[in-house]
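**Student:** In my numbering, the protein residues as written are 74 to 433.
Note that these hints are calculated values from the structure, not bench results.
For each residue, glycine too, the CB sits at the ideal point set by N, CA and C.
Be a bit skeptical, because a hint or two may be false.
[Said to hold, decoys possible] Listed next, the in silico SDA-like pairs over lysine to any residue satisfying Cα-Cα at most 25 Å (straight line):
1. 342 <-> 311
2. 242 <-> 227
3. 151 <-> 172
4. 352 <-> 424
5. 242 <-> 94
6. 166 <-> 125
7. 242 <-> 288
8. 151 <-> 95
9. 242 <-> 372
10. 242 <-> 259
11. 166 <-> 144
12. 242 <-> 286
13. 390 <-> 369
14. 242 <-> 267
[As the list claims (entries may be wrong)] Label pairs and their calculated CB-CB ranges:
15. 80 <-> 392: 18 to 28 Å
16. 397 <-> 236: 40 to 50 Å
17. 433 <-> 279: 37 to 47 Å
18. 160 <-> 313: 35 to 45 Å
19. 85 <-> 308: 28 to 38 Å
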Amino acid sequence: MSAAAPRFHRLAVSDLRREASDAVSMTFAIPGDLAGDYAFTPGQYLTLRTTLDGEEVRRSYSICSGPDDGEIRIAVKKIDGGAFSNWAAEDLKCGDELDVMTPTGRFGAVPPADSARIHVGFAAGSGITPILSIVKGVLAREPDSRFFLFYGNRTTDNIMFLEALEELKDRFIDRLSIFHVISGEEQDIPILHGRLDGDKVRVLLRSLVPAASVDHLYICGPLGMSEDIETTCRELGIAEERIHVERFVSEFGGKPRPKKVVAPDAPPKAIASLIIDGKRRDVPVAEDEAILDAALRAGVDLPFACKGGMCSTCRAKLVEGEAPMDINYSLEPWELKAGFVLTCQAKPSSERVVVDYDHV
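Work out the full structure, taking the sequences as your base and the hints as a guide.
**Tutor:** Right, here's the structure in full:
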């Protein structure tokens, strides 16, 4: 299926809200003629672009609003040394404008069902953002389904959306169960004290939600935590197609992998034919160069954000040739089988490759 490639529009911040001691959320004013472009499904994210200290900065943040909230809201959690997150949490004001890419991502893209289902979510820190949107979607679209949410944090002060979560729990008291797992404070219930990792999840599922009853399971948090929990869930017998994972921060700390420096007179190893918005453009690709880097070097405007294999903003379908990826933290098995690649990681091994950004 073809669709327009994601693109940036200049939007104004319309609301800022403190969500935790170290996190803020924000909404954007969407002009009426762009409302359709910013329609989203729970689990998707926005990529923001601005200039800080003379350098272009791009960051992706998951949408935390639900499909019936009437707004598009993201949350930003401050991280040590985070140029964008600290600026957004401390200096950004209502009325300020940012370049905001149209929604992308497929995390938790599970069609609603008429029958009752059991959904389970494991989130840590800011990993709650996409799962909160998914929770709202399930509660609104599946009136007979239940959701069990396990949310890990260091302290109660670090819990994002605490008030919103409590309101949801009170509103859907028979369908939403929330368990806060805190590592830095003693808990009244021992099972809820400690880190949310594979060992903890094994105990939680055996005690509260039998693995055999889980229809869909969502994991979002730091890379190590996500992989540990995913492995545990598979060991407990939850089928791969029922496990949905969104990983935050790569081994490069959320920063792009080092870009290969290409000499101006370097001979091309391959030609990459890029299809975007129905148009085709050929660019030369040097030895050991990623397709995205080659395209940007040639002045082609393509969608991207992290350049670290995490966010999948640069996802495209490889329709001809071979281009193995260095790393992949975001494409699911079905996407790999269908031929999708992360162009920030894909390096041609054949003389010619064709990648289609319009194929979703």
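**Student:** Lying within 37 to 47 Å: is that true of the beta-carbon distance residue 433 to residue 279?
**Tutor:** holds (38 Å)
**Student:** Are the Cα atoms of residue 242 and residue 288 separated by 25 Å or less?
**Tutor:** Holds, at roughly 20 Å.
**Student:** Within a Cα-Cα threshold of 25 Å, do residue 242 and residue 259 meet the stated pairing?
**Tutor:** holds (23 Å)
**Student:** Does the structure keep residue 242 and residue 267 at a Cα separation of 25 Å or less?
**Tutor:** holds (23 Å)
**Student:** Does the alpha-carbon distance linking residue 352 and residue 424 stay inside the 25 Å limit?
**Tutor:** holds (21 Å)
**Student:** When you check the alpha-carbon spacing of residue 342 and residue 311, does it fall within 25 Å?
**Tutor:** The given pair, whose Cα atoms are some 43 Å apart, is violated under the 25 Å limit.
**Student:** Return holds or violated for the Cβ distance of residue 80 and residue 392 against the range 18 to 28 Å.
**Tutor:** holds (21 Å)
**Student:** Within 40 to 50 Å or not, the Cβ separation of residue 397 and residue 236?
**Tutor:** holds (46 Å)
**Student:** Under the criterion that the straight-line Cα-Cα distance not exceed 25 Å, is the pair residue 151, residue 172 satisfied?
**Tutor:** Status holds; Cα separation ~20 Å.
**Student:** Would the hint linking residue 242 and residue 227 be met if the CA-CA limit is 25 Å?
**Tutor:** Holds, because 21 Å separates the two Cα atoms, which is no more than 25 Å.
**Student:** Does the Cβ pair residue 85, residue 308 satisfy 28 to 38 Å?
**Tutor:** At roughly 48 Å between Cβ atoms, residue 308 and residue 85 fall outside 28 to 38 Å, so the hint is violated.
**Student:** Can the restraint linking residue 166 and residue 125 be considered satisfied, given a maximum Cα separation of 25 Å?
**Tutor:** Roughly 15 Å separates the two Cα atoms, so the pair holds.
Comparing the model with each numbered hint stated earlier shows that hints 1, 9 and 19 do not hold.
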